[in-house]
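Participant: Chain by chain, the residues run as shown.
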Amino acid sequence: MLELTDVHTYYGNIRALRGISLSVAPGEIVTLIGANGAGKTTTLRTILGTARARHGTVRFNGHQLDTLTTDRIVRLGIAQSPEGRRIFPRMTVLENLELGAFARPDRAAIAPDLDRVFTLFPRLSERSAQTGGTLSGGEQQMLAIGRALMARPALLLLDEPSMGLSPILVDTIFRIIQDINRQGTTILLVEQNARMALRVAHRGYVMQTGRIVLHDAAAALLRSDLVRKTYLGEK
Amino acid sequence: MTVNARRPLGWAALVAALVAYPFVDRVLGFQTVHAVSDGMIYVLLALGLNIVVGYAGLLDLGYAAFFAIGAYSMGLLNSPVLGSPLYGHAWSFWVCIWIAAAVSALLGVAIGAPTLRVRGDYLAIITLGFGEIIPVAIRNLGDVTIEIGSWRPIERLNLTGGENGVNPVGRPYLPGVPFETDPVPWYFLILVIGAASLWAMNRLRDSRLGRAWMAIREDETAADCMGVNPISTKLLAFALGASFSGFAGSVYAAKLQAITPGAFEFQVSIMLLCMVVLGGAGSLKGVILGGMLITLFDRVVLTQTTFMVRALGRTLGVSALATADLTLWRWFFFGLGLVLVMVLRPQGLGGRRLSPAPIADDAEDPTSPDVASAPRVDAIPGWLRERARGGVAASPAILDVRGVTKRFGGVIALNEIDLVVPHGAIIGLIGPNGAGKTTFFNVVTGLVRPDAGRITFDGANLVGLRPNAVVARGIARTFQSIRLFQNMTVLENALVGEHCRLAATVPGAVLRPPAVIAEEARAHARARELLEFVGLGGKEHELARNLPYGDQRRLEIARALATEPRLLLLDEPSAGMNPREAETLTDLIGLLRRELALSVLLIEHHMEVVMGISDRITVLDYGTRIAEGPPAAIQRDARVIEAYLGTGYEQDLASRTSAS
Chain A
1 MLELTDVHTY YGNIRALRGI SLSVAPGEIV TLIGANGAGK TTTLRTILGT ARARHGTVRF
61 NGHQLDTLTT DRIVRLGIAQ SPEGRRIFPR MTVLENLELG AFARPDRAAI APDLDRVFTL
121 FPRLSERSAQ TGGTLSGGEQ QMLAIGRALM ARPALLLLDE PSMGLSPILV DTIFRIIQDI
181 NRQGTTILLV EQNARMALRV AHRGYVMQTG RIVLHDAAAA LLRSDLVRKT YLGEK
Chain B
236 MTVNARRPLG WAALVAALVA YPFVDRVLGF QTVHAVSDGM IYVLLALGLN IVVGYAGLLD
296 LGYAAFFAIG AYSMGLLNSP VLGSPLYGHA WSFWVCIWIA AAVSALLGVA IGAPTLRVRG
356 DYLAIITLGF GEIIPVAIRN LGDVTIEIGS WRPIERLNLT GGENGVNPVG RPYLPGVPFE
416 TDPVPWYFLI LVIGAASLWA MNRLRDSRLG RAWMAIREDE TAADCMGVNP ISTKLLAFAL
476 GASFSGFAGS VYAAKLQAIT PGAFEFQVSI MLLCMVVLGG AGSLKGVILG GMLITLFDRV
536 VLTQTTFMVR ALGRTLGVSA LATADLTLWR WFFFGLGLVL VMVLRPQGLG GRRLSPAPIA
596 DDAEDPTSPD VASAPRVDAI PGWLRERARG GVAASPAILD VRGVTKRFGG VIALNEIDLV
656 VPHGAIIGLI GPNGAGKTTF FNVVTGLVRP DAGRITFDGA NLVGLRPNAV VARGIARTFQ
716 SIRLFQNMTV LENALVGEHC RLAATVPGAV LRPPAVIAEE ARAHARAREL LEFVGLGGKE
776 HELARNLPYG DQRRLEIARA LATEPRLLLL DEPSAGMNPR EAETLTDLIG LLRRELALSV
836 LLIEHHMEVV MGISDRITVL DYGTRIAEGP PAAIQRDARV IEAYLGTGYE QDLASRTSAS
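Going down the list, the sequences are from chains A and B.
Taking this note's numbering, the leading residue of the first sequence gets 1, the next gets one more, and so forth.
Taking this note's numbering, the leading residue of the second sequence gets 236, the next gets one more, and so forth.
By construction, these hints were calculated from the structure, which means they are not laboratory data.
Here the structure is a predicted model, which means the values were calculated and not measured.
Ideal Cβ placement from N, Cα and C applies to all residues, glycine included.
Here are a few chain B residues that sit away from chain A, every Cβ distance over 10 angstroms (derived from the structure): (1) G318; (2) R701; (3) A832; (4) R874.
A short, non-exhaustive set of chain B residues, derived as facing chain A with CB atoms under 8 angstroms: (5) G669; (6) T673; (7) M812; (8) M842; (9) Y879.
Bound conformation, chain A alone (with noise of 0.2 angstroms):
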C-alpha cells in the first residue's frame, strides 16, 4: 500500500533521513519508534510532501506520492495528525472537524463521522462551539485526532497521538486506534509510548539518527533487548 524505497530527506545540509526503506500493507498497524530526532517525524512529512526526498522514491497505491503536491496527496486517501496538533485557532471545535472532511466526495456520510469523533472524545462535543485556541493543551491534541479521523482516510498517520493526554485518555486512544484499524483503516504510527505503540501495532520500525536499525513484528521488538534497553526504560 505504501512504499519507502531509500529516501534521504535533507533540511538544507542537514541529513534527516539517511535511506529508509519501509512498507505499510493495507489494514496494518506499523508503528515507527526512536528516540528525538531520529527521523520518525520527517518520515511522516516526507510522505505527506510536506518535506521532500532529495533520493528515493515514496509510492502509495501505485501512484508516485515525490511528485504530488500535499493536496493531491491528501486526496489520495491519506491524513495525518500532526505533531504539535496544528489546530486553527480561531475557528471552532465544529469547524475545525468539519474542515477534516473538507477533501471527501461522500459529503451524505460526514454527519455519522462526526457523530463518532463526538463518541471518542465527548470532552470535544462539550466544547463544540468554542474556538481551538481556547482550548488546553490535551484537548487541543483530541481535536488534531478527531480532525484526522474526520478525512476517513485509507492511510492515518499518527504522529505522537498520546502526547499530552492523561493516562485514561492514553489508554482510550490505543483503543481507538486499533477500533478504527479493525474497521479498515490502515495506521502509520509514530509514538514515544513504544510501550503501547508495539502492543496495538502488527509491525514495527526503529529509528536511530535518519536511519532504520531494526524491523520485525511488534511482539518481537517488544521482547528485543535493544528496545527494551533504550526505549521502554527497562534496566
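Guided by the hints, dock chain B onto chain A, whose structure is given.
Facilitator: This is chain B only, laid out in the frame that chain A set:
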C-alpha cells in the same frame, strides 16, 4: 556602503573611503554628495525605525510622524519666521538637535503608551492613524483662531507655518566650516551623527535591553514570564526609535533650509519601512544597505538613466523616449524591487539567513541513541548553589494558595483551589485534560488574575503582580508547548532569563562603564555554565529553533534556572520524550531539589515521572480539587482512577514489574 569590516585594517579602509569620497566625487564631477547625504539621513531614520520594527517587532506604519516632529522641533525653535527664541545664536543648532531628539522621544512614549495593550495588526493601524494625524495637524495649526461668542482670545495664530511650512531654518555654526550650499560639510556632519547613532545602536543591540526587545519580538508572553517587563521595554523601543528620527529630522530641516508638511506624508513612512524590510529587519548592515540603495536609486540612478534614455531618444528620433521621465516610475521600481527581494530573499538583503530546523544532528554518533546524558552533580553552577544557600525562609511554605477561583465566561476553570508547596518539596499537579492545571500555573505566575483567593510566596502576596514581577520574586516556569525565543541563539535565550537579575540601563548599555562590562561578562559566564549543566554545551550559538526537540525542552529549563528561582513550575516537561529521556529528566529535577533546595510544582502525565518524584500530589478535575496526598494514596484513590488514571495504568505497572 557596507560595514562588513571586522579587522582594524578593514575599518581603516572604510573610514578612509568615507572621508575621501566627497573629494573624489568633486574631482570626477559626479555631484552625488547631496544625494548621498540625503541618503544618510534616510538611513538614520530607517535605523531608528529598525529599533521599533526589527528589534522589538512592533510594526510601525507612521514613523514619518517622528521625522516630522524632529524637523519641526528644529524649525520652530530655530527660524526667524515665527519669532523663534533661539534663532541667530551660534549654538542654537547644537542645542535644538538635542531638544528635537528629546521631544521626539517624549512623543514616542506618548504615542506608544495607548498602543501597548494592542498587538500586531491593531498596533500597525494605530501608528498608521498617528502618521496621518501629524501632517494634518501641522497644516492646520498654521492658522488658529479660537472664538467664544464675540470674544477671540486667539486670532489667526501661526504655530507651525501651515501649508507654507517654515523657511528659512537656522544653519549649524562651527568656526571655519561653511554650512552653505556646498554639500561637503553637510556630508561630514551627517556622517558623524550617523556613525555615533550606529555605534549607540550596535551597543544597544548587544545589551540587556537589546535582548529584551528581541525576546518581546519573539514571544511577548514568554518574555514576560522570564522577567522582561513588556510595557517599559516596548515604550523604550518607541522612545529610542523616535529620538534617532529627532536627530535625522533636525539635520534634514537645517540642510534643506525649509520644511513643509508635504515632506512627511504616508509614503515617507512606507519608504522607510521598505528600507528596513529590503535590507533586513534587525540587521544594522542590511538597513544601511537598504536605505542607501533606495535613496541612491531614486536620486541618482533614475535621473541619470532618464538623461541617457532622452539622449538615446533624440539620437534615434523617437519622441516618446526623448521626453521620457523615469523618475515618475519610482514607485513602480520600488514595488518591483520589494517583490523580488521578498520572493528571492525574504529575510532581506543583509538579514540573518534562517536555516530550516534540522531534526537529526549530523555530528551525532549514529550508533548511540542515548543523546540525553545524565545530569551531573559537579556540573551544577557554583553561583546557583550559592543563591540556594542564601535564602532564609520567612514562612513554612514557599507557595501557599488558598481558595483560588477563576472563571472564563460561564466556565469555572478553577474552583476554590488550595495548594501548598513546602520549602524544598516537589509537588505533582495532575488531572484530566482541560482540568485547569495550566490555568493554575497562569494564575500563580500572574498571566491570569484570579477572581478570588489568596496566593502568597514566602509569606508575601502575589495576586495583582505582573508576570515579570513574579519572576523577580523567585518563581520561574516552563511551558507545555515549548515557548523559546526561536530566532535568538541558545546563549541569548539563557541570557534573557537573567534579565531581571541584571541592572544595566540605557546609558549604561551605550556607554558601557566598567560595572556594566563586568555584569555582562558575569551574565555570559553564568549562562554558559547553565547550558553546560543541562547538556547544551557547545550549542551556544545555534538558533533555538534549530535545536532538536529534547534540547529545546532542556533549554527551557536552563532559561528558567537563569532567573535564579526558588520555585520552579514545570508544565509537562517530559511530553514527547521516551521513557529513557523522561528518566534523565526525572534525575535532573531530583538533583535540582537535592542540591539547590529548589521547590518544584510539576504538571505531568507520565506517571513514572510524577509518581516517582513527587512528595505529594494534587489532582484537579473540571477545575476542582478531587484528591490530595502522597503518591501511593493517589494511585489507589477511586476518584482519581476513574477520572484520570484509568485501569490501564495499574496493568501497565504490573506488567513492567513482572518484566524486570
